[in-house]
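Given next are the chains, with one letter for each unit.
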Amino acid sequence: MSAAPAPAGDRAGAVSSEEITAVPVRHPGRWVAGAVIALVVAIVVHSAVTNPRFGWSTVGDYLFSHRIIHGLLLTLLLTVVAMAIGIVLGVLIAVMRLSPNPLVSGFGGFYVWFLRGTPVLVQILFWFFISALYPTISIGIPFGGPEAFHFGANAVITPFVAAILALGLNEGAYMAEIVRAGILSVDEGQGEAAQSLGMTRLQTMRRIVLPQAMRVIVPPTGNETISMLKTTSLVSVVAYTELLYSAQLIYSVNYQQIPLLIVVSIWYLVVTTILSIGQYFLERRFGRGSSRTQRETLVQRVWRYAFPRHEGGMT
Amino acid sequence: MSTQPMVKAEGIHKRFGRLEVLRGIDLTVQAGEVTCLIGPSGSGKSTFLRCINHLEKIQAGRLWVDGELVGYRQQGDRLYELKESEVARKRAEIGMVFQHFNLFGHMTALQNVIEAPCLVKRAKRGEAITRATELLGRVGLAEKLHVYPSQLSGGQKQRVAIARALAMEPKLMLFDEPTSALDPELVGEVLDVIKGLAADGMTMLVVTHEMGFAREVADTVVFMDDGVVVESGPPEAVLGNPQHARTQDFLGKVLA
Numbered sequence: 001m002s003a004a005p006a007p008a009g010d011r012a013g014a015v016s017s018e019e020i021t022a023v024p025v026r027h028p029g030r031w032v033a034g035a036v037i038a039l040v041v042a043i044v045v046h047s048a049v050t051n052p053r054f055g056w057s058t059v060g061d062y063l064f065s066h067r068i069i070h071g072l073l074l075t076l077l078l079t080v081v082a083m084a085i086g087i088v089l090g091v092l093i094a095v096m097r098l099s100p101n102p103l104v105s106g107f108g109g110f111y112v113w114f115l116r117g118t119p120v121l122v123q124i125l126f127w128f129f130i131s132a133l134y135p136t137i138s139i140g141i142p143f144g145g146p147e148a149f150h151f152g153a154n155a156v157i158t159p160f161v162a163a164i165l166a167l168g169l170n171e172g173a174y175m176a177e178i179v180r181a182g183i184l185s186v187d188e189g190q191g192e193a194a195q196s197l198g199m200t201r202l203q204t205m206r207r208i209v210l211p212q213a214m215r216v217i218v219p220p221t222g223n224e225t226i227s228m229l230k231t232t233s234l235v236s237v238v239a240y241t242e243l244l245y246s247a248q249l250i251y252s253v254n255y256q257q258i259p260l261l262i263v264v265s266i267w268y269l270v271v272t273t274i275l276s277i278g279q280y281f282l283e284r285r286f287g288r289g290s291s292r293t294q295r296e297t298l299v300q301r302v303w304r305y306a307f308p309r310h311e312g313g314m315t
Numbered sequence: 316m317s318t319q320p321m322v323k324a325e326g327i328h329k330r331f332g333r334l335e336v337l338r339g340i341d342l343t344v345q346a347g348e349v350t351c352l353i354g355p356s357g358s359g360k361s362t363f364l365r366c367i368n369h370l371e372k373i374q375a376g377r378l379w380v381d382g383e384l385v386g387y388r389q390q391g392d393r394l395y396e397l398k399e400s401e402v403a404r405k406r407a408e409i410g411m412v413f414q415h416f417n418l419f420g421h422m423t424a425l426q427n428v429i430e431a432p433c434l435v436k437r438a439k440r441g442e443a444i445t446r447a448t449e450l451l452g453r454v455g456l457a458e459k460l461h462v463y464p465s466q467l468s469g470g471q472k473q474r475v476a477i478a479r480a481l482a483m484e485p486k487l488m489l490f491d492e493p494t495s496a497l498d499p500e501l502v503g504e505v506l507d508v509i510k511g512l513a514a515d516g517m518t519m520l521v522v523t524h525e526m527g528f529a530r531e532v533a534d535t536v537v538f539m540d541d542g543v544v545v546e547s548g549p550p551e552a553v554l555g556n557p558q559h560a561r562t563q564d565f566l567g568k569v570l571a
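Just so you know, the sequences run in chain order A and B.
With our numbering, the residue at position 216 of the first sequence is 216, and numbering never jumps.
One rule links them: number in our numbering = place in the second sequence (from 1) + 315.
Straight-line alpha carbon distances no greater than 25 Å define the calculated SDA-like cross-link-like pairs of lysine to any residue that follow:
#: 1; chain 1: B; residue 1: 398; chain 2: A; residue 2: 99
#: 2; chain 1: B; residue 1: 398; chain 2: A; residue 2: 104
#: 3; chain 1: B; residue 1: 436; chain 2: A; residue 2: 205
#: 4; chain 1: B; residue 1: 436; chain 2: A; residue 2: 190
#: 5; chain 1: B; residue 1: 439; chain 2: A; residue 2: 211
#: 6; chain 1: B; residue 1: 436; chain 2: A; residue 2: 211
#: 7; chain 1: B; residue 1: 436; chain 2: A; residue 2: 189
#: 8; chain 1: B; residue 1: 398; chain 2: A; residue 2: 191
#: 9; chain 1: B; residue 1: 398; chain 2: A; residue 2: 202
#: 10; chain 1: B; residue 1: 459; chain 2: A; residue 2: 286
#: 11; chain 1: B; residue 1: 372; chain 2: A; residue 2: 104
Stretches of chain B that chain A covers, calculated by requiring three or more beta carbons in the stretch to come under 8 Å of a beta carbon on chain A:
#: 12; stretch: 394 to 403
#: 13; stretch: 478 to 484
Source of the hints: derived by calculation from the structure; they are not laboratory data.
In this text, all values refer to a predicted model and were calculated from it rather than measured experimentally.
The beta-carbon is built from N, C-alpha and C at its ideal position, and this holds for glycine as well.
Use the sequences and the hints to build the structure in full.
Structure below.
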């Protein structure tokens, strides 16, 4: 620009337009690790193909069998209903825990403590055997008042009802913690601004706080749904013919345990994969209005490793 | 009746646990007046402002807005706490602007402004949008109706926040350090909007550190320190010729 000496600027001006062609750093460790992994995979695949006890033809026979598909549908039904109950209860219990009324918040705390503190398997069995505790269920005035209806608990608490109650109520406790964390993540000033505009606590929660809490609530809820899908297999203990129990019924007759467990695993993997993809799109939807970058999901990670863009590859 | 003050405070006390933040505040704001609250941080200015729309509960004293007791109803010599819905109804008549804007992050500028009129005042959506567009135009943001807060500058956010408060057609506006979180070059655009409101005759209480603004706009300047009003009066008197040593000391530091 002028006669003033600017050696650094001159040098930059001379070379900066050329693209850098440097010898890349070698990563021998990556090659060794890659080779070890490839070897292990080859061994496993080889054995899966050559070992006849995997019974791949049996897997093929049963993958789309009527009883397995029926079991899969019941598993999906259980997952959806239990998660629906869990989410509604979760919001309710979370709001209760944040209530200024100590009795209400205390109850919320007790609920979470009690249902998270006992195994789901125990809870499933408990609901299934509830008729031993309360042989009849009646609706009316409590403490010995007149009854409107009453029926036998055994007739009402079918394996399906026991499963739904146990899974849904248990999930409510976990969802309550997730929703509570979401609500607490919203800045207090949001609530104050809403209240200063004349909104009530309930309006503030519904219109201002919960929609913004969703960004924090959605990702773990996706995880909970995937987890729930697999937890429903515990319901096989009360003889409900979901996916696992349907397979167990089949192999108790034909003794093909391994092929049928492979069938079951394939279906769980398929549904889990579909749910993960759905979760990715849900997260994008609820990230609106925030400039923060989102955490990478499983699907995105797989995608990035499958199609690396320069920086991740082996050199 | 004709000279009923917009805000009247008598002996306001406020404690947070054992910390006494307000120790007997007496203050009157006439309708149509602009009052600036100044003083060192921790002197209780913001807390007092928040008491006026009952975001904070007072422990002693009486506070009236437009002749009505804040937060309570008096029958005989007993006070009854107001129900949540009654408190909310009174808050709807008082606009508040916060230091950190507190815009609703999941809503566009326009949605921020129409939310309360639609939800609280049951305004028709179309009318609310017309009015909100007009208000956002007035604060110079006609181009930003459909932009989310995260894409606005601090000064733009605060102007949306002012439009949001005005949309409820308040009879009193409270400003809690409206320019303290702004980059210096953005302070002016927000102060200009507030000056415009003052010119329109809006009754305002402004907690501020902008002495030039206070001198220009305020009808009354109130200097607070350590939870009490030390000195108050017209800006020329309080800012130009302070009588108390604490006021002189404070002004010496901020105007230096």
